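> Residues per chain are reported as follows:
Number of protein chains: 2
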Amino acid sequence: MKPIGPIPAGYAALDGELAIGGKKASELVEIAGRTPLFIYSRNLLTHRIAQLRAAMPERLALHYAVKANPFGPVLEHLAPLVDGFDIASGGELEMAGAAGIDPRRISFAGPGKRDAELEAAISRGVTLNLESEGEAARALAIGERLGIAPRLAIRVNPSFDLKGSGMKMGGGAKPFGIDAERVPALARDIIASGAEWRGFHIFAGSQALSAEAIIDTQAQTLTLAADLAVASGAPLPHCNLGGGFGIPYFPGDEPLDIAAVGDALSRKLADLPEILRETQFCIELGRYIAGEAGVYLCRIVDRKVSHGETYLVTDGGLHHQLAASGNFGTVVRRNYPVAIATRFDAPVEEEANVVGCLCTPLDRLADKAGFPRAEVGDLVAVFCAGAYGASASPAMFLGQGPAAEILV
Amino acid sequence: MKPIGPIPAGYAALDGELAIGGKKASELVEIAGRTPLFIYSRNLLTHRIAQLRAAMPERLALHYAVKANPFGPVLEHLAPLVDGFDIASGGELEMAGAAGIDPRRISFAGPGKRDAELEAAISRGVTLNLESEGEAARALAIGERLGIAPRLAIRVNPSFDLKGSGMKMGGGAKPFGIDAERVPALARDIIASGAEWRGFHIFAGSQALSAEAIIDTQAQTLTLAADLAVASGAPLPHCNLGGGFGIPYFPGDEPLDIAAVGDALSRKLADLPEILRETQFCIELGRYIAGEAGVYLCRIVDRKVSHGETYLVTDGGLHHQLAASGNFGTVVRRNYPVAIATRFDAPVEEEANVVGCLCTPLDRLADKAGFPRAEVGDLVAVFCAGAYGASASPAMFLGQGPAAEILV
Numbered sequence: 024m025k026p027i028g029p030i031p032a033g034y035a036a037l038d039g040e041l042a043i044g045g046k047k048a049s050e051l052v053e054i055a056g057r058t059p060l061f062i063y064s065r066n067l068l069t070h071r072i073a074q075l076r077a078a079m080p081e082r083l084a085l086h087y088a089v090k091a092n093p094f095g096p097v098l099e100h101l102a103p104l105v106d107g108f109d110i111a112s113g114g115e116l117e118m119a120g121a122a123g124i125d126p127r128r129i130s131f132a133g134p135g136k137r138d139a140e141l142e143a144a145i146s147r148g149v150t151l152n153l154e155s156e157g158e159a160a161r162a163l164a165i166g167e168r169l170g171i172a173p174r175l176a177i178r179v180n181p182s183f184d185l186k187g188s189g190m191k192m193g194g195g196a197k198p199f200g201i202d203a204e205r206v207p208a209l210a211r212d213i214i215a216s217g218a219e220w221r222g223f224h225i226f227a228g229s230q231a232l233s234a235e236a237i238i239d240t241q242a243q244t245l246t247l248a249a250d251l252a253v254a255s256g257a258p259l260p261h262c263n264l265g266g267g268f269g270i271p272y273f274p275g276d277e278p279l280d281i282a283a284v285g286d287a288l289s290r291k292l293a294d295l296p297e298i299l300r301e302t303q304f305c306i307e308l309g310r311y312i313a314g315e316a317g318v319y320l321c322r323i324v325d326r327k328v329s330h331g332e333t334y335l336v337t338d339g340g341l342h343h344q345l346a347a348s349g350n351f352g353t354v355v356r357r358n359y360p361v362a363i364a365t366r367f368d369a370p371v372e373e374e375a376n377v378v379g380c381l382c383t384p385l386d387r388l389a390d391k392a393g394f395p396r397a398e399v400g401d402l403v404a405v406f407c408a409g410a411y412g413a414s415a416s417p418a419m420f421l422g423q424g425p426a427a428e429i430l431v
Numbered sequence: 024m025k026p027i028g029p030i031p032a033g034y035a036a037l038d039g040e041l042a043i044g045g046k047k048a049s050e051l052v053e054i055a056g057r058t059p060l061f062i063y064s065r066n067l068l069t070h071r072i073a074q075l076r077a078a079m080p081e082r083l084a085l086h087y088a089v090k091a092n093p094f095g096p097v098l099e100h101l102a103p104l105v106d107g108f109d110i111a112s113g114g115e116l117e118m119a120g121a122a123g124i125d126p127r128r129i130s131f132a133g134p135g136k137r138d139a140e141l142e143a144a145i146s147r148g149v150t151l152n153l154e155s156e157g158e159a160a161r162a163l164a165i166g167e168r169l170g171i172a173p174r175l176a177i178r179v180n181p182s183f184d185l186k187g188s189g190m191k192m193g194g195g196a197k198p199f200g201i202d203a204e205r206v207p208a209l210a211r212d213i214i215a216s217g218a219e220w221r222g223f224h225i226f227a228g229s230q231a232l233s234a235e236a237i238i239d240t241q242a243q244t245l246t247l248a249a250d251l252a253v254a255s256g257a258p259l260p261h262c263n264l265g266g267g268f269g270i271p272y273f274p275g276d277e278p279l280d281i282a283a284v285g286d287a288l289s290r291k292l293a294d295l296p297e298i299l300r301e302t303q304f305c306i307e308l309g310r311y312i313a314g315e316a317g318v319y320l321c322r323i324v325d326r327k328v329s330h331g332e333t334y335l336v337t338d339g340g341l342h343h344q345l346a347a348s349g350n351f352g353t354v355v356r357r358n359y360p361v362a363i364a365t366r367f368d369a370p371v372e373e374e375a376n377v378v379g380c381l382c383t384p385l386d387r388l389a390d391k392a393g394f395p396r397a398e399v400g401d402l403v404a405v406f407c408a409g410a411y412g413a414s415a416s417p418a419m420f421l422g423q424g425p426a427a428e429i430l431v
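For the protein sequence lines, the chains are W and S, in the order given. Heads up, the first sequence is in the working numbering, so the first residue is 24 and it goes up one at a time. Heads up, the second sequence is in the working numbering, so the first residue is 24 and it goes up one at a time.
Just chain W, same shape as in the assembly (with noise of 0.2 Å):
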């Protein structure tokens, strides 16, 4: 038997079934009207502010990253709780948008934006993190035939990376950002041209979940920012430390200690070098706001053996759950915390595989693991959902199209 990933807190049985938000799965999916669906927790994001909130020292703005669930109802729900948004694209602008957030409070990454992109951002304020010398021209060319004097901030690829982190976004040649010897000239630049200037954003990894590793990176882009902004000859107005907080995912992994991280960047911020006084800090976190939030659930409706293995299959899979599938920047698939539930508080009774419904063996939410006996009808519970889960799986391969999702 394989083992699971780790169930969030938060989670727990009524009337022997999972229960979100005081409701038990199979009422969540009639209200949804259909599986496979996803369920994100109002009272699991509030909670998770309020956590970040209290370990963080409270000089430090709290963003938070919209690729991770760009889901109206969450965004609207997040609006009020975190300081900013970042967004990736002309599209999550408009998603932004939508939500009803101020666009001053957002700030946009992303090594590809088009011209129009530029402008959208631009004529509504939101600042830029600039990913090259070629985008800031573009940038001020824009603003100046806008009328407008653009918010400018610079994305520096920092010489370090984030160790430990699922993704490095830092330490060498990469596409994101500017290399940090060429960023002074650049900001020069732009503090003449009359762009508003906004400060750096730094960003060298994520997914990390050694507090260790984070405490040594914001140590490092503290210093970083701080030797640029000497070298730029100018106080820094803003700076964006990155995020990098992971969540735990498989078997043995254990949570981010956030205390210390905070206890550590308190530490720091209350040791800033002079030109770094009046800067404004920003941490940007998406995975670790909306991950634990979100339950994916999806309905079996089948139940087979084949060569003495158990399957079974269900009316989800992998073009909702890319990455539990393992088949999102994953070398060893592992499986995440997935549980029967129909049958959560149920003891362990049998081994079997969770399959999606999808005609391919990279179809797979869980491998030879543990669960009470399922039978076709009960509903199948993937954790860790509420990030990197809709939005970034092919819901169209094999013609299934989007789950349902509902906030509740």
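Because the hints were derived from the structure by calculation, they are not lab data. Fair warning: this is a prediction, and the values are worked out from it, not measured in the lab.
The list treats identical chains as one, so a pair stands whether inside a single copy or across any two.
Distance condition first, Cα-Cα at most 20 Å in a straight line; then the derived SDA-like pairs of lysine to any residue:
{"#": "1", "residue 1": "Lys186", "residue 2": "Pro384"}
{"#": "2", "residue 1": "Lys25", "residue 2": "Thr333"}
{"#": "3", "residue 1": "Lys391", "residue 2": "Val371"}
{"#": "4", "residue 1": "Lys25", "residue 2": "Pro384"}
{"#": "5", "residue 1": "Lys186", "residue 2": "Leu385"}
{"#": "6", "residue 1": "Lys25", "residue 2": "Gly195"}
{"#": "7", "residue 1": "Lys46", "residue 2": "Arg65"}
Assemble chain S onto chain W, guided by the hints.
Chain S only, in chain W's frame:
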């Protein structure tokens, strides 16, 4: 410098640009109105079918697997050229219906068919390739309720697999089909039920480039079909031999020798055991028909250098080209065939990385490959984009949305 995969036959330069269907890449973008853009070639689809007809035995029917590319105009173009269509969901049934395909030419395989999908298929006369005894019982019950004799075949999980295939669909425990030893009992039950008995679907793997492996698998498939037919006590009306014909994607890949496959199959079909003499055989191909007939075009929006490496940043990416980015069923990333479409006949001048516009290091379309020097505004072509491209990628990731698609 890392090599790129082989550019498929049928693509040439016109005025220095990649041309498809007699039109230059830049003209095609103008026609479609935007990038990123998938272009599928009528000529190459037609030519590929003609090659297959010439190579395969005359009595062998040719089916198209809709999952490879469900774009409506592609289905309409193929409708008069192939003998049947294979679908994998109720969604694909709707797509085939919208393309005017007679449902009696369609068969439906897939391990997680819902009751609503079974009902839609049975009521329209689609053949169901049954994946389990449980699904058989559901199909028979629905047929009885509707007063229709369902058209039923059994998908067999063979004990052999397709050697060297990219996706193994047989050999050992699988979620697909029914283990061969249990097939005769179910076949007898289906025949006794009064359903229309349609025979077997035996699919052992996909994306194989070795004619020898396919010949070997087809021989084993015919032996298994004969054994199962004898054990079922009835002649076999129909037998889907599966597909598995691969296309070259990567450096060093050689095209499949379909003449050798066709010769071997002709000899086999000329010397069939009694019980298969009247059987209608088909092969089911998706990738082999559509894959090389499609090209993905995206535009360079930035050209940048980081630590001495050149990055061509495009407005496309893994949200349309998940497999080309190396994130779908591959362990080691290798370069697909990629070219600068607007400098198609220019010599290699530099080493560059082609990346997408997404803010993730996974979004890479070519890694350290050799290209003519390309500038902002140039078009990049990714070949082998006709199958498992647009529909098999997470189009909504980071708020991007689907690419345009045209058939020319």
